[in-house]
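Q: Let the hints inform the model, and build the full structure from the sequences given.
Letter 90 of the sequence shown, counting from 1, is numbered 90 in UniProt numbering, and no numbers are missing.
I should point out that these hints are in silico values taken from the structure, not numbers from a laboratory. Treat the hints with care, as some may be off.
Claimed, not checked - With a straight-line Cα cutoff of 27 Å, these simulated BS3-like cross-link-like pairs (lysine-lysine) come out:
(1) 102 / 186
(2) 102 / 40
(3) 102 / 72
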Amino acid sequence: MNRILQGLLILTLMVASLQTGWSQGGAIAEPSGFQGKYQKPSINQRLFGEELAMVGTERDEYAANLAAYAVKVVQEHKADQNSLDLARQVLGLGLHLSPRNKKCIVANAQLARGVMPDRVAADYEPEVFARLLLARGQLLEKHESEINRLLARYFIELAATIDPRNEDAIYESELRRLDLGDLSWKMLTDAKK
1 MNRILQGLLI LTLMVASLQT GWSQGGAIAE PSGFQGKYQK PSINQRLFGE
51 ELAMVGTERD EYAANLAAYA VKVVQEHKAD QNSLDLARQV LGLGLHLSPR
101 NKKCIVANAQ LARGVMPDRV AADYEPEVFA RLLLARGQLL EKHESEINRL
151 LARYFIELAA TIDPRNEDAI YESELRRLDL GDLSWKMLTD AKK
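A: Written as structure tokens, this is what we have:
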């Protein structure tokens, strides 16, 4: 009698799992409710090489916090097109800083598959992270290397985007826009093949 019940239980579980989207041992992604379409950043090679004035652990910490911010924005805006475009830029920056950063890679892959990522633990609240990006960007500008100055512009513009009430970040971002023109994110997101 026990074997019959066990067999019925196994059969019921198999039928239920097929009806809920399981097949061949793996889950099929549920519809995510995305309002827009995410396109992975196209990265052929690391933009910020050895001449960048940041050590590997610092790059990795920034990349992880960039991933946390990208996921937060997408979740808060229910994956609308603007939030997905911003996430693409932010994750592109994170992947150029630390190409093997787990949080960036996972968030990028999940968004590309239409799966809403789980919230990523961040070291800082967005306003604090914006101030940190602004300060680090200003330090990077003091280096002679063009690549340091380029990253400085990305950090400062992102600081103004993250916290639009931070007058210092807005001011610094606008000064650079007036002096140097609009900042293109294509170098981070649309590498030539």
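Q: Does each hint hold? Answer for all of them.
A: Comparing the hints with the structure gives:
1. 102 / 186: holds (23 Å)
2. 102 / 40: holds (15 Å)
3. 102 / 72: Distance of about 16 Å is within 27 Å: holds.
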